[in-house]
Each structure stands twice: as C-alpha cells, then as structure tokens.
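A.B. asks: With the hints as a guide, bring both chains together as one complex.
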Amino acid sequence: MITLTINEKEITLDKPMSVLDAARKAGIKIPTLCHHEALKPYGGCRLCVVEVERMPKLQNSCTLMAADGMVVRTESEEISRTRRGILEFLLINHPLDCPYCDKAGECELQDLVNRYGPTTGRYTEEKRKVPESHKDHILARNMERCVVCTRCVRMCNDVQGASAISVIGRGNRSRVEPFSSESFNCEYCGNCLTVCPVGAILSRLYIHSFRPWQLDREVETVCPYCGVGCSLVVQVRDDSIKRVIPRMDLGVNRGLLCSRGRFGYEYIHSEDRLRTPLVRKDGTLQQATWSEALDIVAAKLTAVKNAEGGASIAGIASPRCTNEDNYVFQRFMRTACGTNNIDSVSRTGFAAAQKYFEDLLGQGITANLLDGLKNSETILVLGDDPAAVNPVLGLSIREAARRGAGVIVVGYAKGLDKFRTLQVIPRVFREAEVLEEVLTGVFSDRGVRGDMPYVDKGIRELSDRISGKKTGIEGIDETVKKLLQSASTSIVLGMDIVQRSDGHRALFAVAGLTYLLEARLYLLSGRPNEQGLIDAGCVPDMLPGGRPVNVPDFRGKFEAVWKAAVPDREGLTLLEIIEGAGKGNIKALYVMGDNPVRNIPHSSFVKEALRSLDFLVVQDIFLSETAEMADVVLPALGWTEKSGTYTNLERRIQLLRKAVETSSGMEDWRILSELSRRMGVPASYSGPEDVMRELARVSPLHRDLTYGEIAAGDALWPYHGEPLRGEMYEVPEMPDGAKDYNADFYLAVDKPLFHSGTLSRRSRALMKICPEATVRIGAAGAAKLGLKEGDKVRLSTPAGSCEAPVSVDGTIMDNRVFLSGNFTGSGVYDLMNFSIDKITKAPGTEGCEVKIEKIQGRG
Amino acid sequence: MFNDTVLKEIEGIKAKYPDRRSALLPSLYIAQREFGWLSREAMTCVARSLNLPEAVVRGTASFYSMYKHKPAGRHVIQLCTNISCMILGAGKLVDFLETRYGVPANGTSGDGRFSLVIMECIGACGTAPAMLVNTDFYDNLSEKRIEEILENYK
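Chains as they are written, first to last, in the working numbering: chain A, 41 to 899; chain B, 4 to 157.
Please note that a few of the clues may not be correct.
Listed next, the in silico SDA-like pairs over lysine to any residue satisfying Cα-Cα at most 25 Å (straight line) [to be verified]:
1. Lys167(A) x Ser68(B)
2. Lys167(A) x His72(B)
3. Lys454(A) x Leu55(B)
4. Lys65(A) x Arg294(A)
5. Lys17(B) x Ala441(A)
6. Lys828(A) x Phe5(B)
7. Lys828(A) x Asp7(B)
8. Lys55(A) x Asp198(A)
9. Lys17(B) x Asp457(A)
10. Lys458(A) x Pro21(B)
11. Lys17(B) x Gly515(A)
12. Lys69(A) x Tyr140(A)
13. Lys73(B) x Pro29(B)
14. Lys73(B) x Ser112(B)
15. Lys510(A) x Ala441(A)
16. Lys414(A) x Lys828(A)
17. Lys521(A) x Ile506(A)
18. Lys808(A) x Ile247(A)
19. Lys17(B) x Leu462(A)
Hint data in this document are derived by calculation from the structure and do not stem from the laboratory.
Okay, chain B solo, but in the shape it has when bound (with noise of 0.2 Å):
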C-alpha cells in the first residue's frame, strides 16, 4: 500500500473533484512514480486507496498508451530523433547509450538503471540534439555531455 505521504497527495487529488473517478488518472500518474509502471500492485493500490473497483482502474489505465504498462528503468530517458536532432548526430547518442550504458531504443539496461524512449520533437530544434531524463531537460548534447548529465542520475 502507498505510504501516508502518498495517499495524502492523492487525497488531494480527490477533494478537487465530486467524483472519485475523476481522481483516477492523475492517481495512477502517482502510483506510476512510486512503482516504475502500473504493475497490477500499483493499480491495487490506486483502485484501494480511492475505493474503486480494481477491475475499472485497470480498463481505464490499459486504455491510455501514454502510461507505462511494462516495467522501466529507475530513469527515463527520452530522445528525440526528429530531423534537427537527427541531422545533428541523435541516431550515434543512440548508439553510445546502447554500448555505453547497455540501454536499447524503447528498451531498459540489463541493471534496470535506464530505460530509453525514443520520441518525437520536444521543441529543442535550435539546440539539438535534446533529451529528457525523467522530468529534466538536456539540449546540446554529444556523447561526453551525455556521461557527464548520466552521472547524476545512478
């Protein structure tokens, strides 16, 4: 189950709407953090700690494709490879990161440290290539900007 901090955060999620079904999405952003992906104890806990049916909770997550159904990484990275990163070298980062850390194109290294998203344009043309790690934004980047950025995130 969620720790109290937790189910504190989506209690607020909850008081802002008449329903507790309008909690739900934003709660299984939540339970998407604490476990990585929506394992089915993820769900448990979201379907729990908002009194819905588990059942529902899942056919409302299996819906959406933007949530992680496998499990990843402890960080996500997510690079673009549109055509201003493409052309400024984004396919070769792929290919460090792969040899490198060991992390495939939409896959996840061997030690579960990173999972690796190839995505489409994050508005970053000027200063490509650019990529995001979790939640953090990273542009001008080359294969020793990479190692560098990499080493905060273990």
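Next up, chain A with everything else stripped away, as it sits in the complex (with noise of 0.2 Å):
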C-alpha cells in the first residue's frame, strides 16, 4: 500500500502508479501534452510538473512514481508560471489559425492555452513555416500546428507496430513525416488521429466539413466489417455520418481501430443504395411498391413449397445482418418455407471450419477472449495474416510479441513479418503435412491426454500413419519444441488452410494440438457475425443455440414457441446449394445480405445455377451482382440504419445502434416477418429487442440473455447457456496421398487489408487506398517472367480471364500468386475452380494452375 497526499487530499493506491495515474483516480486534474493513455509515459512536454515537497526542482508527475509519504502540489504560482513559459514556447511555431483549423473545439493545446497560456507572445521572429501536405488521400498533415509531443509516432510505432511515421530532423525543424514524405503509404489505422492533441494530422474525409460542437449525436455501436466486432463511436450531423472514432474505454478494441472501421462508413451513404423494391418484369428490373414485391415474393414462394416441396427451396443467411436478422430468416425458412436448406458464404470458411471444432471437441471450443492472445507465451498463426483479416486482432499478436512471446507461423502473414520469430513454410497447398507433423512431434513427447477417447484414438492412428516419414521442412521441429516449452499457447487459424478438399486434415491437426496443448483457439473471421449466425440457426443442421434439427425433443420445443413444424432433415449446405440450384433440384433461392456469385468460388459456374433457379429473391442493401440476376430485389436497411447484435469471433454478443435516419430501406427481419404473415405463418415482433426475447426463450444457449446485459457488455459465452460436448465420435478416415504442386504459378485468394467482401468498394475512402485488385507475385516468379511493378497482365485458368496490374511482394517465397475478390469486374473467384471437402463441405480451392501473360509495361 502507498499513501501519498496530493493537494492536502490524502490518497492511498493498491498498486505502483505514477503521480499522475495517481492524481487522475483521485479526480484530480493535471494538464498534460505528451501523455496519452493508450501510451507509455514519456516526459516530453513537462506540462505536467508538479511540486514535490523535499524535491528540489518541479517534477514531471507522468514519470515520477508515486512514492509513500510523497507530499504533492498540483497547483502554484510555480507551476502556472512553468506551465505558461512552455506553452508561450510552443506558440512560438504553432500558427493561431484556429478559426480555419478543424481541430479547435477539441484542441488539447487550445484548451491548455485558454486554461494557463499567455495572452500574448513576446516572439516577434518570422515563424517555421512548413506547407500542409495533402498529398495523401486520406490524411492531412500541417506540421506548423505539431507540437512534437510524438505521442502519433509513438502510437504508429509502440502500438499499432506500423512504424510508418517518425520525427525527421532535430530541434526547431523536427516534423513528423512517413518515409515517402509525402503518401504515408501505411495500414491507415488512423490511431495517429486519435492521439494527435493538435490540429497536426487530420483525416481528409471530413476536413472542413463540420465543427466538433456542431454534431447532432454521436452513437455507441460496433464495427460493421470483421469478426473482431470493435467498438466505435459514430458521430452524426444531419442524418450523415461525420466521423467515426473510437473510444479508449470502450470495448474489445479500447480505442485502437482499424482503416476499414475507421474509414469504411461511406458505403452507407453511397448513392448505389437500393431505394424502393424491383421486380423483374418483361426481363427488366423495374421499381416496385413494397407490397406488390412483397405479394410476389409470398405467392411465388408458397407455389414452389406446394409443387415440390420444402427441400425445393433454399436460403442464403448473411454474416453481416445481425442475430436478430439471421434468427428470423431461419424461422422464416423453417417455418413458412418449409426448409432446412439454410446456409451462408461462412460455410466457405469460418462456418466450416467451427463446425468441426465444435463436433471434434465440444461447443465453445472457439470461444476465446482476445485478452488471452495478448497474454500468450507462444502463438501459432495458421493459414492468413492476422493483421490484414483481423486488424484488430492481429494487433493483440503484436503486442504479445513486443512482450516476448513466440510467435510461430505456418505459411505466410505479412503483418507479422516484423514480429515473428519463426517462420515455417510448407510446401505449396500441403499445410496438412505439416501441422500434422507438428502434431505427432507434440504427441510423441506427451502422449494422450485421456479426456476425448475417440480423439486420442485419431492422434494415435495418425502418428502410426506417418511415423518415419519426415517432411524434411525447416522449422518444424523447432515448432514441437516451442510448443512443449509453452506454459499457455494460442493458435490462430485462417480461413486459407479451410479452403482444401482435405481441409479436414489441416483442422483435424489443429484441433489435435489444441487438445493436446490446451490451446486457446482463435478463428480468424472477415465477417461481422459469422459466429452470430451459426448460433442464430443459419445452418443446415443446428436450430439456434446449436441444437441439432434432426432431434425431435429439441425440434419440438421450437414447434411449439414457432407454433409450425419445421422440417426433420438436415438441410444442404451452400456449395449443394449452389449445385442443387444447377441441377434444377433447388427451384428458389432467398438470398439475404450476401453476394454469392462474387464470394463463392467459381462465379461462371454460381451464376449458371442461379440462372437455372424458378425464383431469385435477394434482400440487400445494393444492387449487387446476385441481386442483378433476382427476380425480386428487397431494399434492406444497412448498419448504422438499424439496432441489433453481433456476436464476434470471442462469442462477445455486442449492441449495434441506431445512429441515422433513412427512408430507402426496411430491417431484414421485418421484411421476412412481413413475407412469413402472407405465407400464412405469423412471426411478428415489435422490435429487435423483441426478437432477441424470442431467441432467449428457445435458444438454450443464449437463455434469458437480454439487451441491458449485452448493453453492460457482459454478454460473453457461454451466457446463461449450457455448451454441449462434441458429437464426432469417430474421427473421419483421412486420404493421404497429397499431390506436388510443380506447375509454375497457381492462383490463390488475397485478403487485403483495406477490402472487406464486395461492401468496400462502396466506400471512397478505402478505394482511394486501395483502388483496384493487383497481382500479388513472389520475388522469385516476377523475375522469371520479366515483371516489374505496375506491369499489367492477364491471368488464365480454365475457369476464366481477367486482367491486373502486377505487384512484385519479395516475401512471396512459393509458386502462389494472389488476386483478390473484392473489386467491381474480374476478381479471384471468377477464376477459380472448386471441389468440395467432403467433411467440412468447403471448398477446396487449392491446385488452381494460372498461365500469366504481361500484356503491359507499366504506363
């Protein structure tokens, strides 16, 4: 215990803090500069002196300790006089241009000034002048403003980990600049934007544009693009969305956020949006009165289940829409549609993937909190980067790095380039064989652990299978060994590795080493809700919370809340879906929120089934490419338009909020609530609130959850539920013989950090970033084919053509070239193949050979 006294108020700590720290819990307020408390003590500006009784000289409180007996001052005639002489200082180079800078109003130096400054300067020297830079798309830099406290290089450097920005120069004519000097050329997290006190960097999507105190509200709520679900703060003015910040007390992310949740809001505003219905007639698209499509949608649909059938029908479920969305659209297709062909762009991955942990190792296996990965002694980062998926997450690996844990990853993850300490890379496509070599070395040395019979049994046969027979790969024993060392391990897993017809292999070995390792288990997840919409009964074979459908006790009991029977068969699952629709077995597909024929491998091929189907609904809130192909199209409301919650990739369940008002659209769940009462099959709520009661009064799982308690943020697995144990209780028999992939380039899928699905390129922002799909090709292979960057090119398979500009990446060490899925036009999954793990019922997508032609030199 310390006891110190700060301004004759005696305060007693329970542990070591700075005077500061100290002063700030006790409410009591010292001015500060250089500080921030997302960043370490610095002690530059000195703002924060204090008098310390037998100290001699002022102190800065932020780096002095708060010791026993310490006799403080926060206040004196002392301090206010230090305190003018160095913001008099400071405005000798800092323009008084408050008027026109669009940082007055929340200016840390305007409010120290007005609290202790001058009122006039003694300096009648010519002052630094420095231009504002605009040469960056996105942010603004005006160095006369900076007042070097470095707290953005600090930022960029000890958090974030970009290290894109420094202090260049010395003295007078220190500025903060990126390498280029000019384009910061960085991940465009923005953190620099939350920590700058001054007006010195500023973001160029609102510049000029509106006054901190002009804003109408600003809303809590919860970004709109990945797994990771940060918080955020949207601020409005007129029903427009002005800026979007985070909060350094508020969620997960406590006050970091990534370029795509920080700049990605403008697709909302995008005058793409769908406004009033479409109906397709005499071939066209044409507007449509809501219940005109509403009829049609309700009559076709009953037409369908009562000529062939329930099974006849399928729906695509989105990872974007919220709980309450997804729950009612699986009622929806449950009940008044008669199936349970229910599935989602997740299944190509994360729903895939989970399904398996889940069956091998018992519900709730995913669930992991990201605070443990930051605590981690060793983390192994499988199948993507972390950093371009997850930024978020990506940034807890960082941190656990700068801590000294291991980080160990298979394959290739660009974002940690600076952070691992080892790497492994397995040959192309055969992850498999490496992980389960990992797996057996951990095995030989532990042995079975005895808690899951039947997968001690799998690791057992699958040492036997390959014992002696060493891949040879560098780094793999080092892995074993790191991995025994490992008081607690983390395995972080892309969707990459999922993405094999033997992805099985790969997952049966992770979820191997997590049981053996008692791993915590991350699922890297490019969605909002992909975890949400699992447990909300978007799935073939599980009713929400997971129960299976084929049970009748369990089945029963939803019958009974739903008041209509649903279906006792496992429905299908997305890509039977698709080839269901092709082979004229599925007549009508109800697409929600998703954008199948630009997320699912092989557009040529979805685009065909879907032309095969009798009826295309699809519910978005853009025309997209599927929508173009609908016969009906339902303008939906967007994030931000509309309340609900998301569940994360830690199983949080988090509250989204209303934040503006629109008239384009209708909530996803309401739009279905309305089609299940004209299909004769009531399902009316008075709000999403009302929808979550529902859920938690069947779903065991999210049983008596409710809104004030996800709003408290306590919402965190397994909530009041009871997990269920695994189902699998016989590992799948798996294929050796993996294939040598020798041709020279295959196709593979990049996943940028500044795209997210096809919603982004909605977004000025991020397309100014990042503007069009490139090429990304290895060192090695650019050379072979004489490419330099910027050289444009065509890439064939037999799928398909399309054409890129080359971007040589010298940490590309294979034979893969990677184009990504996320522009308007030719993207990956034009030009990919399929086949489907039979296990997981993803898609493989690996052996995809791609002939490269330079059709350009760079222009």
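C.D. replies: Structure representation (structure tokens):
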C-alpha cells in the first residue's frame, strides 16, 4: 500500500503507479500534452509538472512514481508560470489559425492555452514555415501545428507496430513525416488521428466539413467489417455520418481501430443504395411498391413449396446481418418455406471450421477472449495474415510479440513479418502435412490426454500412419520444441487452410494441437457476425443455440414456440445448394445480405446455377451482382440504420445501435416477418429487442439474455447457456496421398487489409487507399516472367481470365500468385474452380494453375 | 539492394549488438559510402538489411547533421580555413579550387567529381594549410601541390 498526499488529499494506492495516474484516480486534473493513456509515459512536454515536498525542482508527474509519504501540489504560482512558459514556447511556431483549423473545439493545446497560456507572445521573429501536405488521400499533415509530442509516432511504433512515421530532423526543424514525406503508404489505421492533440494530422474524409460542437449526436455501436467487433462511436450531423472514432474505454479494441472501421463507413451513404423494391418485368428489374413486391415473393415461394415441396427452396443468410435478422431468417425458411436448406457464405471457411471443431471438441471451443491472446507465451499463426483479416486481433499478436511471446507463422502472414520469431513454409497447398507432423511431434512427447478417447485414438492413428515419414521442412522440430515448452499457447487459424479439398486434415491437426496443448483457438473471421449467424440457427443442421435439427426433442420445443412444423432432415450446405440449383433440385433461392456470385469460388458456375432457378429473391442494400440476376430485389437497412446484435469471434454478443434515419429500406427481420405473415405463418415482432426476447426464450444457448446485459458488455460465452459436448465419436478417415504442385504458378485468394467482401468497394476512402485488385507475385516469379511493379498482366485459368497490374512482393517464397475478389469486374473467384471437402463441405480451391502473360509495361 | 560484400559487412556489425537498432548508425555510414549520400534508396537498403522500418531509419539519419543528406561529388575535399591555414593562404586555395575545378565552397562541381567542405581545424597547424580528400590527409598545400594531389582522384 502506498499512501501519498496530493493537494491536501490523502490517496491510497493498491499498486504502483505514477503521480499523474494517482492524481487522476483521485479526480485531480493535471494538464498533459505528450501523455496519452494508450501510450507509455514519455516526459516530453513537461506540462504535467508538480511540486513535491523535499524535491528541489518541479517534477514531471507522468514519469515520477508515487511513493509512500509523498506530498504533492499540482497547482501553484510557480507551476502556472512554468506551464505558461512552456506554452509560450510552443506558440512560437504554432500558428494561431484556430478559426480555420478543424481541431478547434477539441484541441488540447487550445484548451491548455485557454487555461494557463499567455495572452500575448513576446516572439517577434519569423515563424517556422512548413506547407500543409495533401499528398496523401486520407491524411492531411500540417506540421506548423505540430507540437512534437510524438504521440502519433509512439502510437504507430509501440501500439500499431506499423512504424510508418517518424520525427524527421531535429530541434526547431523537427516534424513528423512518413518515409516518403508524401503519401503515408501505411496501414491507414488512423490511430495517429486519435492521439494527435492538435490539428497536425487530420482526416481528409471530413476536413472543413463540420465543427465538433455542431454534431447532432454520437452513438456507440459495433464495426460492420470483421469478426473482431470493435466498438466505435459514430458522430452524426443531419442524418449523415461525419466521423467514426474509437473511445479509449470502450469495447474489445480499447481505442484502436483499423482502416476499414475508421474510414470505411461511407458506403452507407452511397448513391448506389437501393431505394425501392425491384421486380423483374419483361426481363428487366423495375421499381415496385413494397406490398406488390412482398405479395409476389410470398405467392411465388408458396407456389414452389406446394408444387415441389419445401426441400426445393433454399436460403442464404448473411454474416453481415444481425443475430435478430438471421434468427428471423431461419425461422422464416424453416417454418414458412418448410426447408432446412439454410446456409451462408461463411461455409467457405469459418462455419466449416467452426462446425468441425465443435463436433470434435465440444461447443465453445473457439470462444476465447482476445486478452488471452495478448497474454500467450506462444502463438501459432496458420492460414492467413491476422493483421489483414482481423487487424485489431493482429495487434494483440503484435503486442504479445513485444512482450516476448514466440510467434510461429506456418505459411505467410505479412503483417507479422517484423514480429514473428519463427516461420515454417509448407510445400504449396500442403499445410496439413506440416501440422500433422507438428501434432505427432507434440504427441510423441506428451502422449494422450485421456479426456476424449476418440480424439486420442485419432491422434494415435495419425501418428502411426505418418511415423518416420518426415517432410524435412525447416522449422518443424523447433516449432514442436517451442510448443512443448510453452505454458500458454494460442492458435490463430485463418480460413485459407480450410479451403482445401482435404481441409479437414489440417483441421484435425489443429484440433489435436488445441486438445493436447490445451491451447486457446481463435478462428479468423472476415465478416462481423459469422459466429452469430451460426448461433442464430442459419446452418442446415442446427437450430438456434446449436441444437441438432434432427433430434425430435429439440425440434419440438421450437415448433411449440413457432407454432409451425420444422422439417426433420438436415438441409443442404452452401455449395450443395448452389449445385442443387444447377441440377434443378433447388427451384427457389432466397438470399439475404450477401453476394454469392462474387463470394463463392467459380463465379461462372454460380451464375449458371442461379440462372437455372425458377425464382431468386435478393434482399440487400446494394444492387449486387447477385441482385442483378434476381426476380425480386428487396432493399434492406444497413449498419447504423437499424439496431440489433452481433456475435464476434470471441463469441461476445454486442449491441449495434441505430444512428441515422433513412427512408430507403426496411429492416431485414421485418421484411421476413411480413413475408411470413403473408405465407400464413405469423411471426411478428415489435422490434429487434423483441426478437432477442424470443431467441432468449427458445435457444438454450441464449437463455435469459437481455439487451440490458448485452449493452453492459456482459454477454460473454457461454452466456447463461449450457454448451454441448462434441458430437463426433469417430474421427473421419483422412486420405494420405498428397499431390505435388509443381506448375509454374497457382492462383490463391488475397485478403487485403483495406477491403472486405464486396461491401468496401462502395466506400470512397477505402477505394482511394486501395483502388484496384493487384496480382501479388513473389520476386522469383516476377523475375522469371520479366515483370516489374505496375506491369499489367493477363491471368488465365480454365475457369476464366482477367487483367490486373502486378505487385511484386518479396515475402512470397512459393509459386502462388495472389488476387483479391473485392472489386467490381473480375476477381479471384471468377478464375477458380473448387472441389468440395467431403467432411467440412468447404470449397477446396487449391491447385488452380494459372497462366500469366504480360500485356503492357507500366504506363 | 547492397551487394553481398556489403551485406556481409552489415551482418558483421549486426553481430556485435544484441539489438539490431544499434547497428543503424554504422550501417548508415556504409550506405553513404556506397551511394555517396543518404538517398531514399540508400536508406531503404539499410532498412531492408537491418529489418527496420524505413521511417525509423530516415528519422534517425535526419537527426545527425554529419551524414550527407544531399548528393556529394565522387570525392569530398575537406579544407581547413582556420587561423593557421588562413594565414598561410587557405582562402586563396578555396578560390583556386573554384576556378580550377569548378567546385564552390560547400558545394559540388558541375561534373560531380568534387565536393568541397570548408571545415574547422584538423590539427595540422604546424604544416598548414591542410586538407582531407575523402579520408586521405594532405598538408603543406599550395596550388601546384593540390593539382598534383587531385590528379589521383578522378
């Protein structure tokens, strides 16, 4: 216990902290400029000086640790004089352009000068002149205003880990600049904006468009982009989002955001938004009224159901829609349409992996908090780059690495290049054999665990099968050694590994490692509500709460509440639905909030299948490539236009709040509720909270969960529910015989940091940062073809071809070339075939040979 | 990128320190030697060979005024003009360098052959005037002797 006196107030501390923190804890304000709660104490600005008895000079309270018996004063004539002096020095070069500066009103320097500052300056010489730089698309730099507190640089180096900016020059000429001194060319997290106390770094998205005091309201909500579920504050004026900012004390991200979350909000105000329902008449989509469109959908679905049976109808739910939307969606599909053919694009990765792990190791095995990742001793990263797919989760790995954790990357994770301690590069598309060898290595030292006999048996069989057959790949033995030494291990799994026709082999190895090492397992999730849609029952085999649909007891309970029958057989998974449509077994498809044409491999095959349908309904906020093919298009409401909940990859349920009024669409759940009523199965709700009340009543997992509890941040796994144990009692057979991939080049899916699905292309800022798909190719491959950065190439595969500029990436060491699928026009999935993994039902996209021709040098 | 010999040299420096950031200043000198000055390209090479962020390299380099932040000639002449050298005619030598070789004080000749840095005492007052050409030391200078010396620096 430390007891000290600050301003005659006795303060007792239970742990060591600085005098500044102690004062703040006691509600005593000490002014600061270089200090920021997200950063380490720096002691640069000296505004936080205090008097300490028996210390001869004023002391920096931010770097002075509180000691027992200390007597501190935070305000006195001398202190004020010192602060005034410091501020006068800062104002020598700081321009007094507050009326023009965006920061005015929330500028820390302005507030400090107002409180302590000199009213006049004595300096009469020339001020430092640095022209404002607008060379970057997103961030404006005004280094005349910079007070060199270095908060931005420390944020960028010590927290974000991007190290994109630095103090250049020294003394009076110091300024903060990126390496190029023009464009930042960085991760564009914008966390420097959060910490800049003055108007030195500003966002060009809203520059000169509003004053902080002119905002109508600000609303706390959750980011619409990925599965981390960062909390953010949306600031609104005239029903338009002006700015998205984080808050230090809020959510899983604690003040950090990534480019998508901070700058990606503009899509919601896009001109391309759907405004009215559209109905296909004479071959074209034409505007229609809501009642006309809903009547057509209800009549057509009823007709198909009566003629062909419910099994000929299928639904694709959305990992971007809320739990409430997805819950009502599956209720509508199961009861009104009479089908269990409900799945989502999540089946191409997350849902497939999640199901496999839960079947094997029990429900909730992937529900681990991000804090656990930060505190791990060893982190095994597989499949994708966490810093691109789930950027803020990536920051947790970087933080762990800074604390000395071992970060082992199997394959590639570019965003962790400066943080990893070991990289193991598997043979191309054959990650499974590396993971199996690691698992056997761990097993031969640890032996079985005995909790789950069938998993033990599977590991033993695997070990027998591959014993003595070493791949000889560098780093495997060391990985095994590190994992065995580690007291707390986390495994971060990206979905690229799942997209193999034998993807379940890698999944078994990961499950085995998770089990033997008692590791925390994190699944990277590129969409905000992948876990939520599974828990809400938008899967073909499970009712809400993960209860098997083919167990009559479970089904009966839901039927009683829904007052309608639920089909007893498991439905089709995503790719089976698409194949079924192609074969004519599926006659009608209802797509909510997704764009399967662009988000499922082999676009031409998907399009062909959708064309064979008798009836396609798409409910979306944009006229996507899929919606263009629909018979009826229903405009939905988007993020910030409606309330609801998302479940993040930690399985934390969080509240999304409405922030803007719009007249363009209807909530997804309300559209479904209207349709359900028209089809004779009433399902009406007063609002999203009412939907959650029903979910909390019927789903054993969400039992008694309330919006109050969710809003308070208490909705953590397993809520009040009872997780089920694993369902699988025999580990499926895993074929051996892997293929060698020796062709010149293979195509693989790129997952850029700046984009997400086909939603982010409607966001102007993200399109400025990353305007087009590029072909990422290794240095060796580029040299072989004589390609330079920016050269345009044509990629051709048996499935299709496309043109794109080249980006040479020295970190790629194998014969894969990466292309993303986020843009209008051709993307990676246009060029790829797939073959379904028989166990996970995910699409295997490996082994897509691609021909690359240079068509034009850099213009 | 640096050639293998230079990379090996940098590896040698890295090996001396527990933290690779400690190798930054000596590596910048090497880059300066290879590129003539600390261009963006030179700093990028240092960043890559030390696996440090480019911005950190530039930030560090820009702090120190004794690195060359602008292009210099192939050979750098550092001539003293302090008291002893001044008395013995260093001022005239400055003029001579400009008229004979086109290299202005603290500038670079048009052909990129020489840069001239006017520097403070190099401790050769007894044999003044004195200069350094790159790292080679010369004293007892005269116009004629400078001509002879500079013949060796093409």
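A.B. asks: Could you check the structure against the hints above and give me the numbers of any it violates, in ascending order?
C.D. replies: 12, 15, 16
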